[in-house]
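Chemist: The task is simple: from the sequences and hints, build the whole structure.
Residue numbers (full-length UniProt numbering), protein chains in the order written: chain A, 1 to 392; chain B, 1 to 386.
Incorrect hints may appear among the rest.
Pairs of lysine-lysine, DSS-like flavour, derived with a Cα cap of 25 angstroms [as the list claims (entries may be wrong)]:
{"hint": "1", "chain 1": "A", "residue 1": "Lys242", "chain 2": "B", "residue 2": "Lys244"}
{"hint": "2", "chain 1": "A", "residue 1": "Lys96", "chain 2": "A", "residue 2": "Lys245"}
{"hint": "3", "chain 1": "A", "residue 1": "Lys238", "chain 2": "A", "residue 2": "Lys96"}
{"hint": "4", "chain 1": "B", "residue 1": "Lys248", "chain 2": "B", "residue 2": "Lys9"}
{"hint": "5", "chain 1": "B", "residue 1": "Lys295", "chain 2": "A", "residue 2": "Lys238"}
{"hint": "6", "chain 1": "B", "residue 1": "Lys181", "chain 2": "B", "residue 2": "Lys112"}
{"hint": "7", "chain 1": "B", "residue 1": "Lys9", "chain 2": "B", "residue 2": "Lys112"}
{"hint": "8", "chain 1": "B", "residue 1": "Lys248", "chain 2": "B", "residue 2": "Lys213"}
{"hint": "9", "chain 1": "B", "residue 1": "Lys244", "chain 2": "B", "residue 2": "Lys112"}
{"hint": "10", "chain 1": "A", "residue 1": "Lys242", "chain 2": "A", "residue 2": "Lys96"}
{"hint": "11", "chain 1": "A", "residue 1": "Lys245", "chain 2": "A", "residue 2": "Lys155"}
{"hint": "12", "chain 1": "A", "residue 1": "Lys245", "chain 2": "B", "residue 2": "Lys97"}
{"hint": "13", "chain 1": "B", "residue 1": "Lys179", "chain 2": "B", "residue 2": "Lys244"}
{"hint": "14", "chain 1": "A", "residue 1": "Lys261", "chain 2": "B", "residue 2": "Lys144"}
{"hint": "15", "chain 1": "B", "residue 1": "Lys163", "chain 2": "A", "residue 2": "Lys238"}
{"hint": "16", "chain 1": "A", "residue 1": "Lys238", "chain 2": "B", "residue 2": "Lys181"}
{"hint": "17", "chain 1": "B", "residue 1": "Lys225", "chain 2": "B", "residue 2": "Lys213"}
{"hint": "18", "chain 1": "B", "residue 1": "Lys295", "chain 2": "A", "residue 2": "Lys261"}
{"hint": "19", "chain 1": "B", "residue 1": "Lys97", "chain 2": "B", "residue 2": "Lys181"}
Quick caveat, the hints were computed from the structure, so don't treat them as lab data.
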Amino acid sequence: MLRQVLAVTRINLASIPQRFWLSLSTVVAVGLVVMVLLSFLSMAAGFRRTLASSGADDVAIALRAGARAEVNSVIGRDQVRLLEDAPGLVRDAQGKPVSSAELYLVVDGIKRSSQTKANLPLRGIGEQGAAVRQGIRITGGRMFAPGSNEVVVGKSLLREFEGFELGRTVRLASGNWTVVGIFEADGSVFESEIWADLPVVQSLFNRNNVFQTMRMRLTGPDALTQLVAYNDGDPRLKLEVKSEKDYFADQSSETSDLIQKLGWPLAIAMALGALAGALNTMYSSVASRSVEIATLRAIGFGGFPAFVGTLVESLLLAAIGGVLGALFAWLIFDGFSASTLGASFTQVVFSFRLTPGLIGQGIALALVVGLIGGLLPAIRAARMPIVQGLQG
Amino acid sequence: MNDFLLIRKNLFRKKLRAILMIVSILVAFAIFGVLAAFERAFNAGEEVSEADRLVVVNKINFTQPLPIAYFNRVAAVEGVRQVTFANWFGGYYQDPKNFTVVMAVEPESYLKLISTEYAFTPEMTEAFVRNRTGALVGEQLAAKWGWKVGDRIPISSSIFSQKNGSTAWDVTIVGIFGKNKPQADTTLMLIQYAYFDETRSFGKDTIGWLVLKTASPALNDQVAKSIDGMFANSPYETATDTEKAFNKAFVAQLGNIALIVQLVVGAAFVTILMIVGNTMVMAIRERTREIAVLKTLGFSGGRVLRLVLGETLLLALIGGTAGLLLAWLATRAMSQSLGNFIPGLSLSPGIVAAAIGFMVLLGLATGLVPALNAFRLRIADGMGRG
Numbered sequence: 001m002l003r004q005v006l007a008v009t010r011i012n013l014a015s016i017p018q019r020f021w022l023s024l025s026t027v028v029a030v031g032l033v034v035m036v037l038l039s040f041l042s043m044a045a046g047f048r049r050t051l052a053s054s055g056a057d058d059v060a061i062a063l064r065a066g067a068r069a070e071v072n073s074v075i076g077r078d079q080v081r082l083l084e085d086a087p088g089l090v091r092d093a094q095g096k097p098v099s100s101a102e103l104y105l106v107v108d109g110i111k112r113s114s115q116t117k118a119n120l121p122l123r124g125i126g127e128q129g130a131a132v133r134q135g136i137r138i139t140g141g142r143m144f145a146p147g148s149n150e151v152v153v154g155k156s157l158l159r160e161f162e163g164f165e166l167g168r169t170v171r172l173a174s175g176n177w178t179v180v181g182i183f184e185a186d187g188s189v190f191e192s193e194i195w196a197d198l199p200v201v202q203s204l205f206n207r208n209n210v211f212q213t214m215r216m217r218l219t220g221p222d223a224l225t226q227l228v229a230y231n232d233g234d235p236r237l238k239l240e241v242k243s244e245k246d247y248f249a250d251q252s253s254e255t256s257d258l259i260q261k262l263g264w265p266l267a268i269a270m271a272l273g274a275l276a277g278a279l280n281t282m283y284s285s286v287a288s289r290s291v292e293i294a295t296l297r298a299i300g301f302g303g304f305p306a307f308v309g310t311l312v313e314s315l316l317l318a319a320i321g322g323v324l325g326a327l328f329a330w331l332i333f334d335g336f337s338a339s340t341l342g343a344s345f346t347q348v349v350f351s352f353r354l355t356p357g358l359i360g361q362g363i364a365l366a367l368v369v370g371l372i373g374g375l376l377p378a379i380r381a382a383r384m385p386i387v388q389g390l391q392g
Numbered sequence: 001m002n003d004f005l006l007i008r009k010n011l012f013r014k015k016l017r018a019i020l021m022i023v024s025i026l027v028a029f030a031i032f033g034v035l036a037a038f039e040r041a042f043n044a045g046e047e048v049s050e051a052d053r054l055v056v057v058n059k060i061n062f063t064q065p066l067p068i069a070y071f072n073r074v075a076a077v078e079g080v081r082q083v084t085f086a087n088w089f090g091g092y093y094q095d096p097k098n099f100t101v102v103m104a105v106e107p108e109s110y111l112k113l114i115s116t117e118y119a120f121t122p123e124m125t126e127a128f129v130r131n132r133t134g135a136l137v138g139e140q141l142a143a144k145w146g147w148k149v150g151d152r153i154p155i156s157s158s159i160f161s162q163k164n165g166s167t168a169w170d171v172t173i174v175g176i177f178g179k180n181k182p183q184a185d186t187t188l189m190l191i192q193y194a195y196f197d198e199t200r201s202f203g204k205d206t207i208g209w210l211v212l213k214t215a216s217p218a219l220n221d222q223v224a225k226s227i228d229g230m231f232a233n234s235p236y237e238t239a240t241d242t243e244k245a246f247n248k249a250f251v252a253q254l255g256n257i258a259l260i261v262q263l264v265v266g267a268a269f270v271t272i273l274m275i276v277g278n279t280m281v282m283a284i285r286e287r288t289r290e291i292a293v294l295k296t297l298g299f300s301g302g303r304v305l306r307l308v309l310g311e312t313l314l315l316a317l318i319g320g321t322a323g324l325l326l327a328w329l330a331t332r333a334m335s336q337s338l339g340n341f342i343p344g345l346s347l348s349p350g351i352v353a354a355a356i357g358f359m360v361l362l363g364l365a366t367g368l369v370p371a372l373n374a375f376r377l378r379i380a381d382g383m384g385r386g
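Modeler: What follows is the structure in structure tokens.
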């Protein structure tokens, strides 16, 4: 039996070149389906990863209740002082907490790809602004000097937007600012930001004594609960306090869900089209080999080998399509840099990420098309009456 | 027997094969219809914008404020016919997740300026001007929450708070307005700037942006230059642009939506072109002997060519029309669930016309090779083969 199956399968595969163009169209159709699916999934994964790597577990962020995004939030000087006295914060030798009250403003930049204006975040950070975040490294130039009109820019921002090269002067609000450094931040969303000294930003943007968010480094896993209890217990605070990780996870979910919700239905619709093509190819394959199949049956081969042979041919074509689609998706999209408007109404730069898990999903979809596309024709091949088959 | 009957009989000779081809064409056109509708909805702002309208924003970025004094100063600029201003409220209803477009506006001038896209009755205009805590609500937004004229509702801000610490403002709905242009979006609320400005805890006497109408589109550049020049080197410099350019730049911030749509639609069409094209070549090859018989009966080469092309055209039209129908149903269903996020999702006559054009192209492209083969076929060869 096994030998019969192998023999028929070999005949099936050897006959593919006879239907070269039709088989190729199935391969290409399946390949394109997989490419479209993977382009959307890798976009969603890249966006999610950029935001996920931005948030730390041991950093708490305080925003105005209901603000949802840093750009909307407003916190007063008194509230910042109260938070500095909160329990659960890491403190230095002088008892000062490792925290950063910040101002988050939106300024214009020019997007390289479209040459249109885009919203970029300008963040005024405190002395501990870099220390409260992990993995901040200056890769070119130096950090801005406190009290000066100097900025440092994230390397992703530099890649996607014009005018922020090292040494350039940028006019923002009523002052000229010099770009003195480029920084890296573990691929997080901070790499899409411009940073400057908080008091300078406050005064040049007429926002004296106004803050938007406060970041605080926590002592341990229980510290967040203490901090939240402290905040909720003081009527002067009543802010929204959560871990930075949760804050960014909330921000990523909407956009990446939307991308995935577009990607899957599109890919499934296209897969239906490809399925129609696969069925056509396989029915033609069975029809063109009807004499062969009937002859084999006449000399004692069972229906099962004919069934397996057809199914394997279909699965093989789909698998080739799936692998090629994944390969091209990887070549074209993996690492592809793009930017979109994030929850804070500013551009978030991210890179498409094609993970092995996603490739697995793409190839699984290809095999489903191959399986369904081969099943019905395979049943027809197995059930074909010998006499009718021999007549051609 | 006329040619059309022959074409129809030929196409459906192998029913399953014809249906499979129709399905793959249907899918491609359904994808085209839905994505084109999405792209159009994203660009709706650009479409409804008026040629003589300019937007004045803070040069740093449009989220930065401008002083309210600019309203009168811009009104005095030569070539400015009407001007108004608005302030973004950052609104939500009940839960911060229920994001709602709310703008604080100067009632009289604002309603007058945007009356080209929105239908305001004289009664609601008067009620809005007279009632300090009044609000005008667009049809779609009112329908979403079941609001009626006379309802008093709290509308919250994710940005501003009142001097008394509250983040919600109570407003009374004094009118529900419809639209004059099909692409206009009515999921918005307008409240009085005066009420908002007096009660908010910070940002007093600042506005978000100005919208103005020039005396003629030819004056746009000149007016924009005089406005930006007037405020140059002040603490609040301005950037003045046409409404169209402003909307276009905003949509571009989301990403290159047009490119994504083109790539996906392109992939879908390449797929059907290959599947249908190859299947048709095969189908006509199977019929080689019949074509030779037709020619023997006196059918000219041209007529045989037309028969084959007619068959692929018919196929493309059946599949394409069904696909468009499906896209129409899908966009209708989606415009209800996504209405708040992407307003104005619908199949426009332009999309339908483009689709019909693609159907004809597809029919000709897939039929070309088999039709030429049939055209060139010599009777002796045809009888010998198959």
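Chemist: Please verify whether lysine 9 of chain B and lysine 112 of chain B have alpha carbons no more than 25 angstroms apart.
Modeler: violated (62 angstroms)
Chemist: Take a quick look at whether lysine 245 of chain A and lysine 97 of chain B sit within 25 angstroms of each other, Cα to Cα.
Modeler: holds (19 angstroms)
Chemist: Between lysine 248 of chain B and lysine 9 of chain B, does the CA-CA distance stay at or below 25 angstroms?
Modeler: violated (50 angstroms)
Chemist: Lysine 238 of chain A and lysine 181 of chain B were given as a pair; does the straight-line alpha-carbon distance stay at or below 25 angstroms?
Modeler: Measuring from Cα to Cα gives roughly 44 angstroms; hence the hint is violated.
Chemist: Holds or violated: lysine 295 of chain B and lysine 238 of chain A, Cα atoms, limit 25 angstroms.
Modeler: Roughly 89 angstroms separates the two Cα atoms, so the pair is violated.
Chemist: Would you mind confirming whether the straight-line C-alpha gap from lysine 96 of chain A to lysine 245 of chain A stays at or under 25 angstroms?
Modeler: Status holds; Cα separation ~23 angstroms.
Chemist: Holds or violated: lysine 242 of chain A and lysine 244 of chain B, Cα atoms, limit 25 angstroms.
Modeler: It is violated: about 40 angstroms lies between the C-alpha atoms, which goes past 25 angstroms.
Chemist: Does the structure keep lysine 238 of chain A and lysine 96 of chain A at a Cα separation of 25 angstroms or less?
Modeler: Satisfied, since the Cα-Cα distance of roughly 22 angstroms is no more than 25 angstroms.
Chemist: Take the C-alpha atoms of lysine 261 of chain A and lysine 144 of chain B, compute the straight-line distance between them, and say whether it is at most 25 angstroms.
Modeler: holds (23 angstroms)
Chemist: Has the given pair, lysine 248 of chain B with lysine 213 of chain B, been kept, meaning a C-alpha gap of at most 25 angstroms?
Modeler: holds (18 angstroms)
Chemist: Would the hint linking lysine 244 of chain B and lysine 112 of chain B be met if the CA-CA limit is 25 angstroms?
Modeler: holds (19 angstroms)
Chemist: For the pair supplied as a hint, lysine 163 of chain B and lysine 238 of chain A, confirm whether the alpha-carbon distance does not exceed 25 angstroms.
Modeler: Roughly 16 angstroms separates the two Cα atoms, so the pair holds.
Figure legend: structure checked against the earlier numbered hints; hints not met, in rising order: 1, 4, 5, 7, 16, 18, 19.
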